[in-house]
Amino acid sequence: MANTALAGPDAGLTQAQLAARHGLRVAGERPSLVEYSRRLWAYRHFVAAYANAKLVASYSNAKLGQVWQVLTPLTNAAVYYLIFGVVLDQQRVPNFIAYLTTGLFIFNFTQSAVLAGTQSISGNLGLIRALHFPRASLPMAATLTQFQQLLASMIVLVGIVLVTGEPLTWEWLALVPALLLQAVFNAGVVLMVARMGAKASDLKQVMPFIMRTWMYGSGVLYSVSLFERLPGWATTLVQFNPLLVYIELARYALLEQAPLLNESLVQLWLVAVAWAVVAGVGGFIYFWRGEQEYGRG
Amino acid sequence: MVEHFTGSDEATQALPTLQARIPTVVVDEAHIVYRVHKGATGGSSPVAALRRLVKRTQAPNVREVHAVKGVTFTAYRGEAIGLIGSNGSGKSTLLRAIAGLLPVDRGAIYTQGQPSLLGVNAALLNDLSGERNVTLGCLAMGMPPAEVERLTPEIIDFSGINQRGDFASLPMRTYSSGMAARLRFSIAAAKKHDVLLIDEALATGDKGFRRRSEQRVRELRESAGTVFLVSHQLSSIRDTCERTIWLESGELRMDGPTDEVIRAYEDFSNGR
Chain A
1 MANTALAGPD AGLTQAQLAA RHGLRVAGER PSLVEYSRRL WAYRHFVAAY ANAKLVASYS
61 NAKLGQVWQV LTPLTNAAVY YLIFGVVLDQ QRVPNFIAYL TTGLFIFNFT QSAVLAGTQS
121 ISGNLGLIRA LHFPRASLPM AATLTQFQQL LASMIVLVGI VLVTGEPLTW EWLALVPALL
181 LQAVFNAGVV LMVARMGAKA SDLKQVMPFI MRTWMYGSGV LYSVSLFERL PGWATTLVQF
241 NPLLVYIELA RYALLEQAPL LNESLVQLWL VAVAWAVVAG VGGFIYFWRG EQEYGRG
Chain B
1 MVEHFTGSDE ATQALPTLQA RIPTVVVDEA HIVYRVHKGA TGGSSPVAAL RRLVKRTQAP
61 NVREVHAVKG VTFTAYRGEA IGLIGSNGSG KSTLLRAIAG LLPVDRGAIY TQGQPSLLGV
121 NAALLNDLSG ERNVTLGCLA MGMPPAEVER LTPEIIDFSG INQRGDFASL PMRTYSSGMA
181 ARLRFSIAAA KKHDVLLIDE ALATGDKGFR RRSEQRVREL RESAGTVFLV SHQLSSIRDT
241 CERTIWLESG ELRMDGPTDE VIRAYEDFSN GR
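Those protein sequence lines, which keep their order, are chains A and B. Sequential numbering of the first sequence, starting at 1, is according to my numbering. Sequential numbering of the second sequence, starting at 1, is according to my numbering.
Some hints here could point you the wrong way.
If we take Cβ atoms under 8 Å as the criterion, some of the chain B residues that face chain A in the derived model are [as the list claims (entries may be wrong)]: (1) G100; (2) I109; (3) T111; (4) L136; (5) P145.
Across the chosen pairs, the derived CB separations fall in these ranges [to be verified]: (6) L53/B <-> A274/A: 31 to 37 Å; (7) A274/A <-> E219/B: 38 to 44 Å; (8) D105/B <-> S58/A: 38 to 44 Å; (9) P208/A <-> G178/B: 38 to 44 Å; (10) K199/A <-> D105/B: 15 to 21 Å; (11) E219/B <-> Q292/A: 29 to 35 Å; (12) R25/A <-> R218/B: 24 to 30 Å; (13) S37/A <-> A146/B: 22 to 28 Å; (14) A274/A <-> D105/B: 39 to 45 Å; (15) S249/B <-> P208/A: 43 to 49 Å; (16) A274/A <-> G178/B: 53 to 59 Å; (17) P153/B <-> W41/A: 24 to 30 Å.
Computed cross-link-like contacts, SDA-like style, restricted to lysine to any residue with a CA-CA straight-line distance of at most 25 Å [what the hints assert, rightly or not]: (18) K192/B <-> Y43/A; (19) K191/B <-> P31/A; (20) K63/A <-> T174/B; (21) K207/B <-> L234/B; (22) K204/A <-> S112/A; (23) K192/B <-> G126/A; (24) K204/A <-> N126/B.
No lab work stands behind these hints: they were computed from the structure. Positions of the beta carbon are idealized from the N, C-alpha and C atoms, including for glycine.
Sequences are here, hints too, so could you generate the full structure?
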């Protein structure tokens, strides 16, 4: 070798021995799970800045700008109320507007996070191919962007709930842990679909249908008591549907007389925590295992 | 096939920092094979696609390209190495593999720290202002927020995008391609890299910027990094690199002092 001909301690070593001697690592090696988590934590400022930037960018072409952050959920709620409240004349649920908007906004948090997450790798290939950072930063940022959106729609929701005559009680405080658990659950699911979406871009086409089916199975638009007519096993299945659980927790916190499918509050919290842990940890590990593949089209 | 030059170490020995040569990139018989999608050709009907999904076989419109065939070399601290070769000779592929963005098929590539690849296509967020892109880019390279804040004006100054009015606060989609490329280079060059891989990025921008960026590459080298430069402009390789590697059809043709390699390469290109 022309370039290793210099006499010295390195003379006569093979390339691999030379690399080992000077502590060089294999290019693009996947770090251990602990090391990966540590790096991701070191990149928290990037995650926050990126989430913020995405939020600003998504409204940068609209004339009303960030007002849409409030207008979009409001319009959404109005349309669904027109169909399910006025046209279909919902009698079963007391204070249907508040019932509907609570379910809708909570569900929308997961829906938009998952839809954004599907493209968080495939839509950022330029950034991924240019710079080296823990790829989990991108799905995490997508979740954080949607969490910020959620906070805006929660302000709208609180307004609607109060205007429709619900009293302000201590139970409202339960909303905070419920939303945090849902955020952890969402982060896990987003990490999972981000990896799947990086490999199969077809997922982008399928996702809206999956999310719509999930919405109908979560009792967003109609009374959850309808699920009790299903065969027993199906009702149990719906009871453990994570989104139904998070929606019920929010309804329990905000509304006085909303019908709930889960009678036991303890069970509701336990299932909510379990889903957050399973999805959060599982999604993170699943995403980490694919770390080297991202950006290699 | 690989021509050796006994004098190949003269240029690097001239640098004062090289009493002990510390390798930063070790490439050992690396083979790189990647798959390209030829686009929709025959056999792309939905039924055929579904059958492939079920049987988990490769799509017929995917072809394997053996881009790098058994390349071996070692790069040391403080070196600037030019990579030359005709189009499609595997230069960019090799850089991406060193950056850890492409897997090697056989052989191995070892690196010190995390090499950074700086290409012309490195897109940031086009809807955001140049200034915000600088912040994001620096954070993405792992800088602490305080340092990012300190460096942001310097980076914008260096890129020269504010020479004609306040462009730093405009969205990047309003930039000309040269301006965007200059800003990207400035962001990547703001950090000290152990190994910096530059793919055609110096070719962008006007003369003044090119001079500044070549100066910056020299500084990066002196702060004990290794710089790889891919360029079709032999003059910029001659100006910045003292060692050059010539790749042809994925094979290492020659590795030695820039002048000798470029002379041989020019004879080869003219002879065709």
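Which hint numbers doesn't this structure obey?
-> 7
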